[in-house]
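> Okay, here's what each chain looks like letter by letter:
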Amino acid sequence: MMTERKTEQIVKFALYAIILAIFVWAYFTGAFQFILDHPGDLLYLTGQHLELIGISSALAICTAVPLGILVTRPKFKKFDWIVLNFANIGQTVPSLAILALVMSYFGLGFQTAVFALWFNSLLPILRNTVAGIDNVNPLIIEAGKGMGMTSKQIFFKVELPNAMYAIMAGIRTSVVINVGTAALAFLIGAGGLGDLIFTGISLFDTGIMLSGAVPVIILAIVIDKILSLIEKALIPRGLRRTPEYS
Amino acid sequence: MIEFENVTKVYESGNKKVTAVNDVSFHVEEGKICVFLGPSGCGKTTLLRMVNRLIPITKGTIKVNGKDVNNTDAIELRRSIGYVIQHNGLFPNMTIEENISVVPKLLGWEETKIKKRYDELMEMMGLDPEQFQKRYPYELSGGQQQRIGIARALAADPPVMLMDEPFGALDPVIREHLQNEFLKIQKEMKKTILFVSHDIDEAIKLGDQVAIFNAGKLMQFDTPDRILSHPKNDFVRDFVGEDRSLKRLSLLKVKDLVELIDGFVEGRNKSDWSGQVISVNDNLRTALSVMLSEPNGEAGVADEENNLLGVLHVSDFSLLNGVHPEDLTIVK
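Quick note, the sequences are listed as chains A and B, same order.
Residue numbers for the first sequence follow this note's numbering, beginning at 1 and rising by one.
Residue numbers for the second sequence follow this note's numbering, beginning at 1001 and rising by one.
Next up, chain B with everything else stripped away, as it sits in the complex:
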């Protein structure tokens, strides 16, 4: 869907040359979220902004849906790609409805169609269309503004979305909430999304694929699990952190581990269990945390209907050696 072929960006100032993006090639498939990850100044935002030609490409080609972006009219290209930035970039002089309707209006949609789309998007974002219609951005909280920013980018239903740290300026609680909602919406929409982040946890949570950059070079392009289990070089290893095995656990569910234990349901049911209980749908990182807080390193496991299935012990985690989420149900 989106192909980067030997993309290079060189900034020249006077006789100094700075290579912001250095010979980057990879391919993002349709309907996937690809997270661009890396420290600030690594070229991830530059690369993103080259996709809708906000920054001209020095060398190489970027193709969206098979078409070279340099052969597409810049204005037309941008209208066909959703764009969300960190501080939402809502127009303060326009109402919420006007903000969301910008691109449909640019595309010359009919009034009734625009209104219908506005209602639809607000419902999708969990906001009351009536209530917000005539309000202005400054009257909204940061989280609400960011939702409107996303709704606005989705307005013309573009197949491709570019998101530049959309949740970066929010507090952790709101951020996690919006990430979850975003994943839920994406499950239905199946957009192809390029998502810039500097937060490894966000990348693991949201990304189907993660591209890690350093100093303009692509360090590794892989699934979150592969990045955590097989970091390609020292930079990636350092960037994902020493606790990468722990982070990997957040990709697996308790269900996955339980299925690996023979006779878990029949043999491990301690009916007198009085400790903490976790759900089969919790991720293993949470589960481990719960178990470590128990004196014996054990926790009860309950199914969706809250029936106790059995008891899990910390030592069971050794069964996970060599197990990758692709082989199991993926927590997404």
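So here's chain A without its partners, still in its complex pose:
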């Protein structure tokens, strides 16, 4: 157990070291010259990028979690295949294709990008919410019922806390994927860090391209870390059994 954790930490450390080394190398070959010359651009585009992710992910969480909860309720159980299939399509259709499709109806711009990103983010959250709640041990629900909890109390005190781990995992996956996908928003005129990446590609300028790509990577890592901290706060301590948490 101990050695396993040690190896894990060594691997983690090595990966960070490699990423750092690449950054250093890129810096000395002058790849970041564009960033140094135009810090204002970068800041503006990062802000736009965050706005895209923030709004679309927040909307996705606000729709997918309640929807997932709804289809696990006995009354709506029979509709869960419709909802899951709908979300499945949202995930299976390539993000670029969604952009193209949505664009032909909503036109270019910010709302279109947010809509496409929202649609693309639904499935991981929805599927994990449904799976998390469905997989709560039926014995403890039975115990709650037998003790005289109302169905509302069973949901909030038993089902939801015990499904939290799966729900949070879905949110994390979805948001991190969203950080990368949001780079495509530039293609329909919604800005974001994709602006630099695609400009760099068309101009064949590694410097401009990297100044878009590197911040996207850093954003993904930082957001994932923040979400893991939120996860720690939200998941009941009794459910964390890995030594990492204790």
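Hint data in this document are derived by calculation from the structure and do not stem from the laboratory.
Bear in mind that the values here come from a model prediction, so they are computed numbers and not experimental data.
A couple of the hints might just be wrong.
[To be verified] Computed list of lysine-lysine pairs in BS3-like fashion (alpha-carbon distance at most 27 Å, straight line):
no.: 1; chain 1: B; residue 1: Lys-1115; chain 2: B; residue 2: Lys-1134
no.: 2; chain 1: B; residue 1: Lys-1187; chain 2: B; residue 2: Lys-1113
no.: 3; chain 1: A; residue 1: Lys-152; chain 2: B; residue 2: Lys-1105
no.: 4; chain 1: B; residue 1: Lys-1134; chain 2: A; residue 2: Lys-157
no.: 5; chain 1: A; residue 1: Lys-232; chain 2: A; residue 2: Lys-12
no.: 6; chain 1: A; residue 1: Lys-157; chain 2: B; residue 2: Lys-1187
no.: 7; chain 1: A; residue 1: Lys-77; chain 2: A; residue 2: Lys-157
no.: 8; chain 1: A; residue 1: Lys-77; chain 2: B; residue 2: Lys-1017
no.: 9; chain 1: B; residue 1: Lys-1134; chain 2: A; residue 2: Lys-152
no.: 10; chain 1: B; residue 1: Lys-1134; chain 2: A; residue 2: Lys-232
[Unchecked claim] Here chain A is said to cover these stretches of chain B; the calculated rule only asks that three of the stretch's residues, wherever they fall, bring their Cβ under 8 Å from a Cβ of chain A:
no.: 11; segment: 1075-1085
no.: 12; segment: 1091-1098
no.: 13; segment: 1102-1114
no.: 14; segment: 1131-1140
We treat Cβ as the ideally placed atom computed from N, Cα and C, and that holds for glycine.
Since chain A is already given, all that's left is putting chain B on it; use the hints.
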């Protein structure tokens, strides 16, 4: 206290009808443990779960304390009945204290009263309240978890308890230990308990009354002794096993046999006795086992203070013909 009147449960799926419980009637008195015994699928758990309305009753009535359960609000009814299930059903997201406090909280007790009750219950279960307060179910052993499960069911001091194979998932040593503790606690609490089991030995040990079921029908409802000595039909005879006479011996104490022998204390005292010694408080099954391991089929009997009273011989067991525990001191 708990009356079953012509209780029937029919499950319908499509055009197939399955009768899980078939016209069952009996009456469990206040303060007694009634064990529902039978093979799996005999309807014993279904019947138990109809008492707190986890399963709706198809026909007939169940009355708890004179009140028809169907005329009581289901939520209120369940809060007034303790419920323990096989795999303890503790909530993994809650601490031990939170688990035990669930029903008192539902009933809106005051914080201080809940805390006091928690301490009380943990003491009763032989667990340190301080030590376990902030711990989570996964940090406890199976036996400890089951104790917490029982404590949780007792939290609001319900007069009636439903227990669905509470000791079924434990290893034999822990199970016996918990059974003994459970009997000790019950001696003080005097709850009316319905206890589901598939283990005849457990039923004999814990039950004041035993209800044996097969295929949804009540085969026999009687005291453990009557079930062992007078099985009503072939099913009961087979279920309790060919060794039912031996099992009956576990209901009697050595004391009971010694009292039947005239002049045991004066006449049978072999002062040079060097074989194994049994206590007057051992049950006769254990005593017989000890005697059979001795070359002459004899064993010394000692009283509570460990003084040798006399020597018992295997042939003395013939005096037990026609003797029932009700007529004597009951081993409980």
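> Output the numbers, in ascending order, of every earlier hint that fails for this structure.
Checked against the structure, the only hint that fails is number 6, while the rest are satisfied.
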